[in-house]
Amino acid sequence: MRINPKIAQKIAKTLIWASALFVIVILLAIIFFILVKGLPEISWQFLTEIPRNMGRSGGISSTIVGTLLVTAVAVVIATPFGVGTAFFLTEYTKEGKITRIIRFSAESLSGIPSIVYGLFGFIFFVMYLDLGWSILSGGLTLAVMILPTIIRTSEEAISTVSQQYREVSYSLGGTKWQTIVKAVFPSAVRGIAVGVILGIGRCVAETAAVILTAGTALRMPVSIFSPTRTMAEHFYIMAREGISMEKAYGTAALLIIIIFIINVVANSLVNRFVAKGR
Amino acid sequence: MTPQLKIAINELNFFYHKKQVIRDLNLEINSNEILAVFGPANSGTTTLLRTLNRLCDLIPGTHIDGKILLDGKNIFAPDVSVTELRRKVGMVFDVPTPLPMSIFENIVYGPRLSGNTSKASLTVIVEKALRMAALWDEVKDRLHTPAMRLSGGQQQRLCIARVLALEPDVILLDRPCSALDPISTAKIEESLKQLKEQYTIIIAPHNVQQAGRIADRVAFLLMGTLVEHGITAEVFENPKDKRTSDYITGRFG
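Top line first, the protein sequences correspond to chains A and B.
Note that the numbering used here has the first sequence beginning at 1, numbered continuously upward.
Note that the numbering used here has the second sequence beginning at 1, numbered continuously upward.
Extracted from the complex, chain A is given alone in its bound form (with noise of 0.2 Å):
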């Protein structure tokens, strides 16, 4: 029996609202919950006293300056290793074996649980180099851990520059070089920089990564070398060992809110640089 199309059409339109709206209320709704049990506990105080008694009381701003710090060197690394990676893929070599290799490996690296990269932080950067618990292990074991998005994230932006820029840069006796910088980089930058963004979201929401090489320490950082506590690993802490769940709705709604801030100044700033051209 075939149905009427004009039915079929009133229930597929009404199947993929439902799905749509389906997805925005869960988002909303998980979105509220944490603001309206979190939003409560900040304060200026929560926002510049140190934890005190394990988090019951105090603040949490050694957690948002670990926090901060350990995301910043994962990008400050990663960001030109995975953007170079992404331009060697798509400039500087034909598809074949090793693009393949590299392509394969990276894919895998982003396959695997991040679990698995904080012990491999610990046993690498923390034991054999010897850097301790530290923001500096830490933001390492991101770096390796958001490689893999901002490589591929930038090789697909620098691929979809089309090929015209690349021809009339040369044919106006360009290098190969002065080609990249010039014509293919600036229309690639806003691509790579939602890569960058995807990185910087993964750092700051990253527990399990950053608890065996970044430590749980409360105290304020004084320098890369400090051992810290990011804000996922106290709302982790806070809400496992029950220490204080208001504490940790506390942390949840701040973190949702530097995301947001992020994603705006990122978004901001690319859009200053690309505005220029457009």
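If a hint is listed, it holds; no wrong ones were tucked in.
Computed list of lysine to any residue pairs in SDA-like fashion (alpha-carbon distance at most 25 Å, straight line):
1. Lys240/B - Asn207/B
2. Lys88/B - Ser118/B
3. Lys119/B - Phe185/A
4. Lys182/A - Arg54/B
5. Lys88/B - Glu167/A
6. Lys176/A - Asp57/B
7. Lys73/B - Pro3/B
8. Lys187/B - Met132/B
Covered stretches of chain B (in silico footprint by chain A; criterion: 3 or more residues with CB under 8 Å from a CB of chain A, positions within the stretch not fixed):
9. 51–65
10. 73–87
11. 97–104
Because the hints were derived from the structure by calculation, they are not lab data.
Beta carbons: idealized from backbone N, C-alpha and C, even for Gly.
Guided by the hints, dock chain B onto chain A, whose structure is given.
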């Protein structure tokens, strides 16, 4: 004024993998003339143009035999700098290709690459190039707005100005009007007639009529072989080869 030999193509053969795209091509091009290289699709006109400034180097799997002498020097010689060659032999593509930056930045792209960073001298270059391409009056008040916002015809004249900013000897145009309306096409053809006073122009026209309107000499290519070449009027009114007359009169194409 006696014509001066600018480019001499000797026994040029061009292979793309196993496929031969240009066969035993011999052609001489004089200074300050417009040569139209025309023929049906896949005749090798685009390949020939791209060989003249070695843009074809970018395509993997190509092989070239023969010589192209520019001012008496073989452009395939190992000591030739490809980037300098491309500055001397500029190229305008079939679709307008402004880079995603301002009008000003598009035009100074080439001069900047060769190390010119003086704002004053770049400003002079931009005005001169835009005037020669007959675009100055239309854009002089918005040099720092994105080039993408120009109309198609303006974009193509911008691309011509961008090539002129390099102060080249030779300008290659690969079907420069194929994406444009008749009015824009007429404007570009008019500027080309002016420009040949100073430059050597080689154009792959997008139709036979355009070759007839602007070229001093024409060369008819078919399947990579040069069938006939000579003064435009002579070739058009009195073609020596039947294939040429068939193509010109529209019996195939």
